[in-house]
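Chemist: Sequence:
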Amino acid sequence: MRLGIFGGTFDPIHLGHLVLAEQCLEQCPLDEVWFVPAAQPPHKLAATISPAKARCEMIEFAIAGNSAFRLNTIELNRTGPSFTVTTLEQLKADDPSRELFLLIGADSLRDLSHWREPARILELATIAAVNRGDRPLPDLSGLRASCGERVDNRIVTVTMPGIDLSATDIRRRVADGHRIRYLVPRAVEAYIHEQGLYRDRGNIHGEADNL
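Counting with the working numbering, you get residues 759 to 969 for the letters of the sequence shown.
There's no promise every hint is true.
Calculated pairs, EDC-like style, for lysine to aspartate or glutamate (alpha carbon to alpha carbon, straight line, at most 20 Å) [to be verified]:
1) K850 with E790
2) K850 with E875
3) K811 with D958
4) K850 with D789
5) K850 with D869
6) K811 with E952
Honestly, the hints are just simulated from the structure, not real lab data.
Predicted model only: the values in this text are computed from it and were never measured.
The whole structure should be built from the sequences, with the hints applied where relevant.
Modeler: Okay, structure coming up:
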């Protein structure tokens with residue numbers, strides 16, 4: 759199985775996430791994409807993240823009807839920070855026949871050398887770097903310096919429309935009383951309003967997602 763792993767807080771999941779996943783599914787190509795919500799991103803305070811239950815339910819609403827998209831709670835089922843390398847190691851150990859692809863925004867390549875064990879990440883998975891519109895790819899010299907020339911053989915580029923969405927902006931819009939129609943799936947929009955999410959401006963800053 760060619761399996762795409764798409765991690766992030768998904769707080770909330772939005773249409774940009776879904777377009778990214780669909781383009782990776784088609785262009786890599788992949789058999790499935792697993793959405794993996796983080797329990798505690800290493801670079802973001804857990805106190806600013808919506809409860810895992812709410813984020814999972816929004817993902818389930820968003821991917822309903824797409825048989826190639828699945829929710830996986832592997833990071834929510836363990837304690838401590840949600841390190842990508844740990845997730846990939848567990849998924850590979852569970853089924854060594856899986857060919858793993860890590861889905862990230864192309865701009866995140868700039869910081870990949872600062873993630874925990876980047877060389878091990880490249881060993882476990884091919885990086886599907888998603889480029890929005892015609893933006894140039896970031897300089898990979900830092901990543902090559904820390905991981906060697908294997909970098910060039912372990913990264914594939916996926917292109918998607920230049921959709922400029924962020925979960926931070928969506929949370930801000932909700933807190934300010936603005937509409938989010940067509941920024942998130944309709945069921946996610948209804949859930950956000952029914953549950954009263956993001957009305958507190960203390961939960962609008964920070965962006966741990968790839969897009």
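Chemist: Please list, smallest to largest, the hint numbers that this structure does not respect.
Modeler: 5
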